[in-house]
Structures are given as structure tokens and as C-alpha cells.
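Protein sequence lines, in the order shown, are assigned to chains A and B.
At position 119 of the first sequence (counting the first as 1) the number is 118 in numbering that gives the first Met the number 0, and the numbers step up by one without a gap.
At position 271 of the second sequence (counting the first as 1) the number is 270 in numbering that gives the first Met the number 0, and the numbers step up by one without a gap.
Calculated from the structure, these hints are not laboratory results.
Be aware that a few hints might be false.
Mimicking DSS-like on lysine-lysine, the simulated pairs with C-alpha atoms at most 30 Å apart in a straight line are [stated by the list, open to error]:
no.: 1; chain 1: B; residue 1: K200; chain 2: B; residue 2: K433
no.: 2; chain 1: A; residue 1: K61; chain 2: B; residue 2: K251
no.: 3; chain 1: A; residue 1: K60; chain 2: B; residue 2: K249
Spelled out from the first residue to the last, the chains are:
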Amino acid sequence: MDLTDKEYVQHCRDGHPDDFRLLVLRYQGPLFSYLMGRLGNRSQAEEAAQESFVRAFQSLKKLRKPELFYSWLLGIAGRVAKEQFRSWKRRQQDREVAETIMAKPADTLAEYPLDEAIAVLPETYRQVILLRYYEELSCLEVAQRLDMPLGTVTKTLSRAYTLLRQELQAREGADRTTNHTEHP
Amino acid sequence: MNCAECRDNLVACIEGLLDPEETLQCRAHLEACAACRAEHAAIAHLQHQLVERGQAAAHVSIVEPVMRRVRAVHEEPERNSIVSIILKHRWGLGLGATAGAVAVILITLASTPKVQAAAAVVMTRGAEAVANLSTIHIRGRLRTAPQDNFSYINPDFDFVTVEIWKQLQPELKWRVDKPGRSAVMDGQSTVLFIKPDFATKVGQPSSSAFDTQWLHEMADVSQTLNSELSASKLHGWPVTLAQEQGADGKPKSIVTVEAKSGLLAGDYLKNKFFGMADTRRVYVFDDQSQLLESVQVYLHADSGEKLIFELDQIDYNHPIDPSVFQLQLPVNVVWQQEMQLLPDNEKYAAMTPEQAARTFFEACGREDWAEAGKFCTMTSGLKEFLGGVQVVNIGNHFTSALTLIGGPLFVPYEIKLKGGYVKKFNLALKKDAKTGRWYVDGGI
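Isolated chain B (complex conformation) (with noise of 0.2 Å):
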């Protein structure tokens, strides 16, 4: 083998690729011709530093976070947040002193009419990129019982998965999930399911219904800020702008609203729903691509703060598939009936809620639905539980600051299921307009 022929078979060489044969001649060469060695050299150096810059970016996979905000870009409008907005009236605000890279600013809406008029741009801005948002999907995980209502909160609960997907264009559609419910309003009416067998209806389209405006709220994240703001602004609650570097290394805004509920700490439902609650909600920003990334929602509870929301994934304007509108129901779907005057209307309208709650109770035990069904709609799975139960006590009612404006109030009882389980809770009673009656709104 002479040079020319050595080198041209280098690389076959050196990668092992040529036949025993042609190995020994291109090895017994490079003994030999010192300018061939040399070349030999210089190009297992070169291979030397490639192996090592590959193996550098060995593991490296960024194709998923990229397309992520490549679709941003080419899909979402031009937004401008809330923040993004904040921190260019930063300046006029007199904040720019502490406008470093890990400056806390501390934003006080009430204190100068400079920041109140800076306020309404972010809110006229904020409506401005709403107006164009096509579609809106959410999916976070909230500590709460799989099948109860929708902001039901509960800080000793585990996380449970929410959704929303969110058609704003054409035609306003939703829908919620959580493991045991959905509601979904398809653009003609509005459905809600409990799994496995009810299902009540509002025959009319809706902006939220069924107690998914916190979620619907989330879903429009500039005008949730908005809300936020002006809230903070009417009852003083502080709010915080800070600039840190988030744990990926990139500069974060984070808004934080300490909300209070305005319920005083003794009352039942104070911090059973998300509307009910004294939370801290923090909302996390990316500096660079101006996105919401995460939103936390802590609870003041008496043990302490605890983490009860947490948004891990936000969608804008990718297309939802028609089927998410379509609700598909069991055959066997029990509907809420909606309250009859009954031939003995007056004896039921006259009952205190405790006749009631006891009347109810003892008709379930006697498995006579007929009369259950005066309080409750039966579905097959409450059957299933209250069939047979007896009446352990029934205590006096009490209310909430709810109660006054349309809230149900509330019968504490204790009842011995047939399984011999002792379940003490407080049933809900809301009175029919219609027909005087109570009928039970929760707390079975």
C-alpha cells in the first residue's frame, strides 16, 4: 500500500471497516511512511476532540421545552401581561431603583393615583389579550375528594387532577374534569355529571356554572390578575412583584396575592372552598418569553400553610378536539329532578331543617325513595350508601356569613350505615323557592 492509497483508506482504517488484509497493509504503511503517521495522528486527534464534544451533549434533550415556546411565538398573540407591563411602568413608577435582577417590588396599589392609572392600562391590556386567546387549556392538581364539588378544598386531602379547556372563538365552550365530575357546556346548555350515575342540566349556555368559576378565573389569566389587583386594591390585601432567577437558571417575575376571604375564622365554610379561603396565590412568569409558567395557590390554614393548588400545565390556542364539548353519559344517568309542589306541600315547607334532615335520614333507612326523593335526587350510588341507615342523632342547625346571602346552612348529624360505619357530618339544606320545601344541597 503506498501513500496515496493509505490515506484514502484512513478512515475506513481507523473506524475498522477494511478487511483483515487491507488493515495489515494500511498498518504495516503507517509504520513505515512517517508523513502518514503523522496524518494518522492528526486526525485520531481531531476524532479525539469530536468524541468528546459529542459525548458532551450526550443526554441533551431540549426538542420538547423549544417547541413549546416555538408554538407560543407562533401561535399566541402579542401579550402583554400583566407583569411585562408592571415592570415597564416600572420607571414611571418610581420603582426603578429596585429594579435589579433579584429586586423584591413591593407594589401598593392604593398609594399614589400615578400607580392606579399604571393599574388600569395593565387592565385595559390585560382584556385586550384575552379578546384574542382562541382556546385556553389548564390542568393543575388541587387537594380535594375526587367526586365533591368543584372548589371544594380540603388541606389534608390529597392532590387530584383538574382541567379546563376553554373555547373563547368562535363560540364560547368549557369544559371541567376532575376524577369524579365533569361539567361541560357544549354552546346550547350546560351539563353537569357525578360520576357514575347523575347528571343535572341548565339549558342555556354559560360563561361558568356548578362552581368552576375559580377555574374559569385561572383560565383567563389576565383578567384573573386584573381581578386580583382590584381586589388587593379594594380590600388592601398586600401584592408583591418580584424579580428572582427561577431553579432553571432564568430570570422569573412572581406575583404575589395574599387574598383573604373576609369570613371570620369561625365560620363552617371558611376554607372549604377556593373562594372561601385566605390563601396566598403566586403567580410565576418567565421573564424572557412573558408566559405565565406556574401558578401556586397556598392555604392559611390553622395547621399552618399548606401547597392545596398547584397549575403545572398551561395551553394557548392549540386546537381542542370537538369531542372534549361532547359529554358522554352513562344510559343509566339518573337527573336531578327539578322540585314539584307536592299534593302535601305544607306539611314539608312547615319542617325545621332539623324535621327535615331526620325525615330524610329515616326515609333512606326505610329504603322508601319516594319520600327520600322529596329532599334529594336518588341516584342508584346514594341508594346504595344510605339504604338501611339509622338515625344516631340529629343536632341543632347552624349557619354561615353565606348563609344570609343564598349559602345553605347546616344540620349536624350522626348516622350508623348499614355496613355499621358511624358518619357524623353536617348536612347542607338550601330552601326551594318555589316550593318552601329544604332540600339537600350537600354534606352527604
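Isolated chain A, as found in the complex (with noise of 0.2 Å):
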């Protein structure tokens, strides 16, 4: 069985790096995605997504709930988006060329909130999520990496799609109220 993100960060700490890979491995791809939702563009997603690791690690002794490492990682993530969104707003007007190549809005935060809400989850259920549809994995299949019954399997399922809806509702009212849009 998987080791939690807490058992990992932990084994990192006490001077295996290594145990790292399984902590990418695990979250390459949500955060990816997230990313890809942010700036719109492939190569420059899976870029931020590597320093976002990277970051992390070089980080890791000041994540004071490990428990918490992908909703940490999220927010690192967001930092790289917005560095490396500015980044190539300072190059544009150094080239004094139009944008034309990543033509996203900057205001791209709000329209991917479920990442969001899958990184604050409990790790019990986000890791069923991940497995399920970033790993791809049939329901049956999770079962049997994480040694849990089929059914346990889409009890959890169904308890993570309630909070997903719930976090994202709330998140929906926030931004009704606010009427705010985080810019990168």
C-alpha cells in the first residue's frame, strides 16, 4: 500500500531525496493540469510544474503539515505561474512583440478552481480522485493499489464528488461576493 504524503515528506527530511520521486509521481499530474489551466501552454506548464517541485523540496523542512504537501505545493505552483507569467510579459515588451503566442487572459485563476478543491480534500479521498483520473485507473484497479474493497472504493468516491461540489459551491459564492479575480 502507498505510503501518505506525510510518510513521504517525513522520509525526504530525514535525508532520503529520492523518497521525492514518489511525491511526483503521485502529483505530476494534477498539478500539471493545474498549471496548463493557468498559462494556457504546454511546454511552459510542464516547466513551472518541474520548478514547483523543485521548489518544494528545496523547501520541504518549512511545510509545518506535511499532511497538507499538495495543497502547499498548489500554492507554490500559483507562485511559479504568476513569476514565470510575468516573466514572459516582461519578454514580450522587451521584444516589443504582440501577444499573440499565449494569448490567456491573465485573469485565469478563477475559471480552475476544482484543482483547488481537490488539494484541499482530505488525503483519503484526493487520492482516490487521482488515482481514479489522473492515473486513469478503473474503480477496481484503485481497489487493488490501495488494498481497499470495491465498494469502500466508490463509497469514497462518492463522499470526495459531495465535498468537491460543496468546496466548489463555496468557492463560486466567494467570488460572487467579492466579485475578485486573482491575476497571475
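Assembly of the complex is requested from the two constituent chains, each provided in isolation within its own frame, with the hints serving as guidance.
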């Protein structure tokens, strides 16, 4: 059975950096998906994802709640995306080139709340969602991977959907209330 | 099936995990119940979004590049690359105005005392960074002949892989490989092995040997750049520092050095060996990690500029298996013999280079290996190649600028091998200090 994020983080902190590979394997898909949504460019999203993981590794000792690794990683990725976007803007200005390559609007964050909703799921639920949708495993395969009954997988998925919908509704409500859009 | 049962089974139903009877009951309930239908639609919508997100991330594989950087971060001491230091100092150097992301910064080292002082800082810090390395492994590809000298280059040849492993601490050991030869310094002695059966040994440790110097310099990245910058200053070679966006979208710092061999255009050795070539050397650093990512060396050949060397892998501080520094030699290996005074040594010492070349080839033609061995250590491979050879012509010798400082001279020859193939080339000859006799230094 896979270890938890907290256990992997602890291993890395204990001088086993190669265990970070397992965290990268676990979260490369959703992190890339999130950055792809924000940056709108595959190669930039890949670069940002790499940079986010590396920065996360460098700051691992500062992570106070290792069980929230992915949520924390997503925060780092958000900052990397902002930096990359600003850097791109500067380069565009330097080159005096019209914004044609990355015609993605700056206010892309609000369009991708699902990734952040996944990040704040309790780990048990998030793990099942990631395996089902980002590793594209069937429910049966998820059950085998996590060594749990099939019925538990479907019930966990069901509960995860409920939590995700609640989180998305809460974010949507907050957005409407504040009329705020964060710019990367 | 009631609403509670339907919702309990909704995910299993959508996933097709219910048995046929339960599926029918679930669908029947959904048809009849608007609330459960809405719940079903909401889940289906969410699933659709999740599938899209998952598909967007399909085929993403950043594990290896991330782990390479993670290992570098974890294992490598903080490095102050020359580029990073130059960039840090660029404002003080008056380069700030051109420090935009795509600006090209031309650094002329001899321009001002301020620049020279910065260069000194760069060199000192570069040396410190090197002092902290424990191992380095570099792999690249070079246009050369697989068995020829380690520094031999030929723009018309295909690339072959060259590698260097270097252990700097606790004890210096190194190994350089190309397909046809290996050189190993195991801390005690230095051995060169040329496949299939020739070996020579220096009975002491060495920092480099057998024309591997250029690879050692490549392995010592900071020192190499220091040398490049020093040479640039001394010889007035142009050095440029550019910042560009790499193919991967990341900002790169690119140091380019236009190196000149100093040999005249007609010199026989010019552009034949790494250190005797006019080259453009391009060092590419990743701005974020500050790590050297690649090196390309282009030869300024008569036919135009051509890539002759490309470095494609650098590993810093990765443990090197001790077996790398243990050379496995075949049982029939022939060790190079130190030249000894002969009873009729004067006869050979009095030979002109042309006479020495002819005597050597004619001995090979007679398969008189004792005689041929007076000029060259004869391995089975050489015997096979030169046995029965006929001398067609021996020309007058010529020299290179390097002959004056201990390099060989060259005797043009034309020989017909026993298979009928006629070879025209130049035999490199050197004079042995102890015996005063000519010996073959290459060119077969």
C-alpha cells in the first residue's frame, strides 16, 4: 500500500531525497493540469511544474503540516505561474512583440477552482480521485492499489464528489460576494 | 429502490459496477425521481471535468527532470558559477542597461580594471566551487576515430561517445573512455589501454595523461571557464555572455568563447587535435538552477563551421562505482616497452627520419618484428595490419610548429598493404632522449 504524503515528506526530510520521486509521481498529473489551466501552454506548464516541485523540495523543511503537501505545492505552483507569466510579459515587452503566442488572459485562476478544491480534500479522498482520474485507473484497479474493498472505493468516490461540489460551491459563492479575480 | 438507496449506489451505477438487476432498479428510480436525476447529472458533470483534467495531464512525465534537479539541489554544494557571478556583478560592471532577458552582454575582459577585478572574483569563487566537488561524470560525443588519440578530432568523421569519471575526494582517481581506448588513473598509476591488446603505464598518479587534458578541463567546469576567461584576456579572444530563452522556455545564460590555436593556417597539426583547433565553445547554463546544461564546440574548419563536440550529460557528486577505476585488461595484452640502448644503437641513432620510416616499414614487410620493434611496440593488431606491407614511396619529412616544443615531425609515406589497399599518410616520429633513436608516435 502506498505511503501517505506525510510519510513521504518525512522520509525526504530524514535524508532520503529519492523518496521525493514518489510525491512527484503522485502529483505531476494534477499539478500539470492545474498549471496548464493557468498558463495555457503545455511547455510552460511543464516547466512551471518542474520548478514548483524543485522549490517544494528545497523548502520541505518549512512545511509545517506535511499531510497538506499537495495543497502547499499548489500554492508554490501558483507563485511560479505568476512569476512565469510576469517574466513572459516582460520578455514580450522587451521584444515589442504583440501578445499572440500566449493569448491567455491574465485572470485565469478563477477558471480552475477544481484543482484547488482537489488540493483541500482530505488525503483519503484526494488519493482516490487522483488514481481514478489522473492515473486513469478503474475502480477495481484503485481498490487493488489501495488494498481496499471495491465498495469502499465507490463510497469514497461518492463522498469525494460531495466534498468537491461543496468546495466548488463555496468558492463560487465567495467569488460572487467579493467580485474578485486573482491575476497570476 | 428509494432515494437513499439510489444515492448510495449512484457512483457504482455510473461506474457500471452494479449487477444488471440493481442497475435496472437504479435507472428506473432515476427516471422517476427528479432530485436523484439532478444529483446524477451533477456527479456526471463533475466527472466530465475530472476526466478532462486527467486527460490534459496525460503523458506528462517530469519525474526524471525534477529528480535530476532535486539530486543536484540535495547533493551539490552551493555553486557560484562564473555566469551567476558575472550576472551578479553586471550592474557594477556597467552592464545593467543591457540586462534585459534577451540582451546580449559583451564582456571584454581587458577593458577596465573593474572588469578584471570582477574576473578575479569569478576565478576565486570558481576554484572554491571546484574544491567542494567530490565526483563528476561527463559524457559527450566527439567527431573522431574510435581508437585514435583522445584529443584527435576530424570534422568529417561521425560522432563517438567520450566519457570521463573523476573522483576528486578523498583521493583523486579518474577514467576516460572512448570506444577504442581507455585511460585509468587508480590513485597509484596511470594506464592507457588501446583495444584490442596494447597498454602503456605511467607508474605514478597523474592529474591527466595520454591527451585527456581537454576532457579534464571540461570536467572541471569552473576551472575551465576560468581558463577560458584567462586565455581570452591574454590572447584577446572574444567572450560573449548572452541571456536567451532556451528551447524549453527557460532563461539561459550562454557563454561563448572564440578560441584560437595560435597555429598558422598551413600547419599540419592545426585543427587535428582538440587543443590545436580554432573553435567556438558554447557553454549553456540554466539561469534558475545555475547548472551548466550543455557545451557545444564548433570547429572553424576550411569547409566552414562544424559541430565537433557536444556534451550531453553532467553528473555532479554522484557516487562512482569503484570498479570504474579498475581497468580490465585482456590476458594477451602487450605492454609498451621502454626503449633500450641497442648493441648497434649508433646505426639507428644516425638515421634520418626518412631512413627510419623506410626501415620500419620494410621490417614490417619482412615480418621482422624484432627489427620493427626497435621503432614501435608491435601488438598483434599492428602485426596483422602491417605484415607483408610494401613500401611504395617515402617522402621528405616536414614539421609542425609544435615540433619545436617536443612534438613529432612527419614523414609522408605510401604503402601497399597485403590486401592490396594503398595507404598514403604521414608517419609521426619522435626522437627518444635516452637512445637518440626515432620511434613511431602515430600516423599508422
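For each hint, the structure was consulted:
1. Only pairs whose Cα atoms come within 30 Å are accepted, and K200/B paired with K433/B is accepted, the gap being roughly 18 Å.
2. The suggested pairing of K61/A with K251/B holds, with an alpha-carbon distance near 29 Å, which does not exceed 30 Å.
3. Distance check on the hinted pair: K60/A and K249/B sit about 27 Å apart at the alpha-carbon level, within 30 Å; holds.
Of the hints listed earlier, there is not a single one the structure fails to meet.
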